[in-house]
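Novice: With the hints in hand, could you dock these two chains into one complex?
Given next are the chains, with one letter for each unit.
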Amino acid sequence: MRQFPNPNPDKDEKLVQFLRHYRPIAPTPPSDLEKRVMAMVQQNPRSSPVSRKLWIIPSAITAVLCLAWGGSRWLEPTPNFASQETQSQELAAFLVDNWQNVADPAVNLHADPNLVNQWQALTHSEMITSPSD
Amino acid sequence: MLVENLTGKTDKTLVIQCQQGDSGSFRYLYQRYQAKVRSTLYQLCGNNRLDDLVQEVFLRVWKGIPKLRETAYFSTWLYRITWNVATDERRQFAKYGASVAEDLTEVETRLSRPQDSPNLMQLHYQDVIQRGLQSLSLDHRAVLVLHDLEDLPQKEVAEILHLPTGTVKSRLFYARQAIRTFLQQQGVHNASISES
Numbered sequence: 017m018r019q020f021p022n023p024n025p026d027k028d029e030k031l032v033q034f035l036r037h038y039r040p041i042a043p044t045p046p047s048d049l050e051k052r053v054m055a056m057v058q059q060n061p062r063s064s065p066v067s068r069k070l071w072i073i074p075s076a077i078t079a080v081l082c083l084a085w086g087g088s089r090w091l092e093p094t095p096n097f098a099s100q101e102t103q104s105q106e107l108a109a110f111l112v113d114n115w116q117n118v119a120d121p122a123v124n125l126h127a128d129p130n131l132v133n134q135w136q137a138l139t140h141s142e143m144i145t146s147p148s149d
Numbered sequence: 002m003l004v005e006n007l008t009g010k011t012d013k014t015l016v017i018q019c020q021q022g023d024s025g026s027f028r029y030l031y032q033r034y035q036a037k038v039r040s041t042l043y044q045l046c047g048n049n050r051l052d053d054l055v056q057e058v059f060l061r062v063w064k065g066i067p068k069l070r071e072t073a074y075f076s077t078w079l080y081r082i083t084w085n086v087a088t089d090e091r092r093q094f095a096k097y098g099a100s101v102a103e104d105l106t107e108v109e110t111r112l113s114r115p116q117d118s119p120n121l122m123q124l125h126y127q128d129v130i131q132r133g134l135q136s137l138s139l140d141h142r143a144v145l146v147l148h149d150l151e152d153l154p155q156k157e158v159a160e161i162l163h164l165p166t167g168t169v170k171s172r173l174f175y176a177r178q179a180i181r182t183f184l185q186q187q188g189v190h191n192a193s194i195s196e197s
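Chains as they are written, first to last, in this note's numbering: chain A, 17 to 149; chain B, 2 to 197.
Incorrect hints may appear among the rest.
[As the list claims (entries may be wrong)] Pairwise CB distance ranges, derived in the manner of DEER restraints:
| no. | chain 1 | residue 1 | chain 2 | residue 2 | range |
| --- | --- | --- | --- | --- | --- |
| 1 | A | Asp-26 | B | Leu-139 | 21 to 31 Å |
| 2 | B | Tyr-175 | A | Arg-52 | 17 to 27 Å |
| 3 | B | Leu-121 | A | Pro-46 | 20 to 30 Å |
| 4 | B | Gln-185 | A | Arg-36 | 10 to 20 Å |
| 5 | B | Gly-167 | A | Lys-27 | 16 to 26 Å |
| 6 | A | His-37 | B | Thr-168 | 23 to 33 Å |
| 7 | B | Asp-152 | A | Ala-76 | 45 to 55 Å |
| 8 | A | Pro-46 | B | Asp-23 | 20 to 30 Å |
| 9 | A | Cys-82 | B | Gly-167 | 46 to 56 Å |
| 10 | A | Ser-47 | B | Gln-185 | 36 to 46 Å |
These are calculated hints, taken from the structure and not from any lab test. Even for Gly, the Cβ is constructed at its ideal location relative to N, Cα and C.
Next comes chain B alone, as it looks inside the complex (with noise of 0.2 Å):
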């Protein structure tokens, strides 16, 4: 997946330069790719060490990218390298029992009446939605934050993954079906879904 903007440039031309030690390519690859970055950690892990784990992932892009041999699939490699400092990070949680959980019902507190007003629903379905992500297993949170939210084919989530695309497509069936049935559990009907 070749993308050009910024600097007018492809992942694969910046890439290359930063195999040649160029720090400047770096940077514009960060810049154009934080916020994916940000946003899939935190709909897998939450906001707990989420800065950390920004600059973790970016660390080991930067370290690794010299054994890039398929400059043009940086992205994928680049999604790799994010789930692997979430199941990282998931084994650091088990093992030490902090509390990912905590933030998630950081918004909730906030909210007396969530129906009041057309922000706080905003924000009461945002809370609702992330602690049902949350209710995911790690595998099955993987698949529908890749295909659902980011918006990748279910291919490269193979790929970013290390599956083949059948249990991809059999994960995201149990995840969608998981999280619908939690939806419906928080009060969140059909009727809502529909009108969004």
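Chain A on its own, in the form it takes in the complex (with noise of 0.2 Å):
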């Protein structure tokens, strides 16, 4: 920061003291100014503080319901969608997988003699019990 030089501070004194001294004095002022200043004070009376601090209440209300709605949003179990991805893929495997049961039993039964055994029992009983016969 620039230093602004003071050669001589008892100059300046002197000019501080005889601007002091010399000073324009401002005129008196009329007898009625406090009057007239009190009567605008009057005119414009402010709230009380008790008044201003009532709308403090509502807003408090408001605040709390906001955060209260927010928090409940907030914990709220958010959906799992990657757990959704993977329960759909097992389903449609299963369907997939049942379907071709449905289709092409003989595919499971080979690969299972008593099930096999277990097939040939219900066809041959059906064959046996067909109306047809």
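Specialist: Next up, the structure:
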């Protein structure tokens, strides 16, 4: 920061003393000026701090309600889309697998001899009890 | 800056009571500060509309006091409002061209030979200083009035004018230089200054 030189502080001091000694003096105020000022003050009443504080109550209630609503939304469990996707893939695989079993039961029957026997027993009994017979 | 007189109450106490709507405390603040406000406005704006400007300052104080947080710094805040009113007045003056300078020669016209009597000499010097102040820019005048005439410290002047202290120092330097030159041009020499 630039420093402003003061080569002669005594000179400045004398100037300041001169200015203070001969400073222009403001004219005396009219005697009723104080009354006028106070009348203006009375015409401009301010709301009391108590009534101003009353505005805080509805604002606070609104803020609390907003916080409560926001909090409940925040705490609500979010849907797990990844898990849902896995479940739907499993379901699709199950349906396809199940459909294949229905369409071609031999595929799995060959894999399990018990099932083959059961299948044959079932088809045989159907043939016996068939009304067409 | 805490001031305690008249009522025995500090500015801070009176301000807090004003904030609670007590106009009686406001009257005490008015009585305590009206002379300083009046004097400052007179140095800054001259005699035109002086009473109106004083009223304007105290009306703004009354309206703004509920928002004042630093109650201990009431006087700084008051000077700040005074400065704002003075600058608004200067803007109006620039807009409508009212003649502030007209009343400055009022004293001079009553003087024929200022050296005739000490009282007349006093009036003469007052007139010269008033014209010298008016010859300064408002920014320089404000610093000179607040620091050299109202005797406020540079730091407080900086707070009132919302300026860095370095800027206050530089403006003070140039303002003193300018008014010294003006006084010399008006025939007021160093000898007269030293005599004061």
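Novice: For every hint, state whether the structure bears it out.
Specialist: Consistency of the hints with the structure:
Restraint check, A:Asp-26 to B:Leu-139: a C-beta distance of roughly 29 Å satisfies the suggested window 21 to 31 Å. For B:Tyr-175 and A:Arg-52, the Cβ-Cβ distance of about 38 Å falls outside the hinted range of 17 to 27 Å, so the restraint is violated. The beta-carbon spacing between B:Leu-121 and A:Pro-46, approximately 26 Å, falls within the hinted interval of 20 to 30 Å. Take B:Gln-185 and A:Arg-36: their Cβ atoms lie about 19 Å apart, and the range 10 to 20 Å holds.
Judged by the Cβ atoms, the range 16 to 26 Å given for B:Gly-167 and A:Lys-27 holds: they are separated by roughly 22 Å. In this structure the supplied range 23 to 33 Å holds for A:His-37 paired with B:Thr-168, their Cβ-Cβ distance being about 28 Å. One distance hint, 45 to 55 Å for the beta-carbon pair B:Asp-152 and A:Ala-76, holds here, with the actual separation near 48 Å. A:Pro-46 and B:Asp-23 have their C-beta atoms about 25 Å apart, which keeps the hinted 20 to 30 Å range intact.
Under the hint 46 to 56 Å, the C-beta atoms of A:Cys-82 and B:Gly-167, about 48 Å apart, fit the expected range. Taking the beta carbon of each, A:Ser-47 and B:Gln-185 are about 41 Å apart, inside 36 to 46 Å as hinted.
Checked against the numbered hints listed earlier, the structure breaks hint 2 alone; every other hint is satisfied.
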